[in-house]
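Take the given structure of chain A and dock chain B to it, following the hints.
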Amino acid sequence: MSEPVASLAEPLATIPTEVTTRFGRFAVDPSSVIQFPEGLPGFEQNRRFVLISSDDVAPLHVLHAVDGPDASFLAVDPRFVLDSYRTTLAIGDRLRIGAAEDTPLVWLVLVATDGDGASVNLRAPIVINPSMMVGFQVMPHNSLYPLRHPLAGD
Amino acid sequence: MLVFTRKRHEAIVIGDGIEVRVLRVGRDGVRLGVTAPSSISVHRREIYDQIRAENQVAATTTASAAGLAERLRRTSREQAATVPVKAQEVSG
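Chains as they are written, first to last, in the numbering used here: chain A, 617 to 770; chain B, 215 to 306.
These are calculated hints, taken from the structure and not from any lab test.
Please note that the accuracy of each hint is not assured.
To be verified - To give an idea of the interface, some chain B residues facing chain A are shown, with a C-beta separation under 7 angstroms as derived from the structure:
no.: 1; residue: K221
no.: 2; residue: E268
no.: 3; residue: A272
no.: 4; residue: T275
no.: 5; residue: R285
Note that beta-carbon positions come from the ideal geometry of N, C-alpha and C, so glycine has one too.
Just chain A, same shape as in the assembly (with noise of 0.2 angstroms):
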């Protein structure tokens, strides 16, 4: 009575060597594919990004889904915005993307903008295992950081 399990995984989209998104059109390196298992908050079908990294957005990134619905986000590391920005992973959550305590990590935050202003949001950044190319945005039950602090003087 047993079904078939094998056939449920959709195979995976091939990386493209070039993307287009509302930000340019971009190289893209195929060592910059990170997995999301969770996917995001608002985009769970979206498990894999490429993290785009480039001299004319230099130091934001362009983070762009390559499976899933269409999602493209900019993303810059906090402490370019926020000198002081600290912030540390759960055990459970250093679990999530197979990290050690002393496993450096890639921390980034996504931009938002409104009107002529733009955000970041340092409440819930995007953490990723570089080792490892897996990573997951952290929801902290008790963060002092703002859902959307000025990007640059705002």
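The following block gives chain B in isolation, referenced to the frame of chain A:
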């Protein structure tokens, strides 16, 4: 929706290894304890909704990435040395 009546210290079990226990019942709220594997994320609904809504805004950002990057480079003083800045921008 499944509905249960639970007294203080009673619990429900969801799937394999998730338990929700009533710790305290007050006049204005119920204190719950959740035990779940580390691979399961547990959040207050309103916090999850807030972050999801902010992600939706971030996904529709239409500002010029280069323009925002330029503003960020100008204002990130401490980190300026590590940011690639074009020569003409330095002299300007």
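Does E268 of chain B hold up as a contact with chain A if the rule is Cβ-Cβ below 7 angstroms? Hint holds; E268 of chain B Cβ to chain A Cβ min 5 angstroms, cut 7 angstroms.
Quick check on the hint: R285 of chain B CB to chain A CB, less than 7 angstroms? Constraint on R285 of chain B satisfied, holds at 4 angstroms.
Hint check, K221 of chain B versus chain A [nearest Cβ-Cβ separation less than 7 angstroms]: Because about 26 angstroms separates K221 of chain B from the closest Cβ in chain A, which is outside the 7 angstroms limit, the hint is violated.
Given hint T275 of chain B near chain A, where the shortest CB pair must fall under 7 angstroms: 5 angstroms, holds
Restraint check, 7 angstroms cut-off on beta carbons, for A272 of chain B near chain A: For A272 of chain B, the interface hint holds, since the closest Cβ of chain A sits about 4 angstroms away, which is under 7 angstroms.
Consistency with the previously given hints fails for number 1 only.
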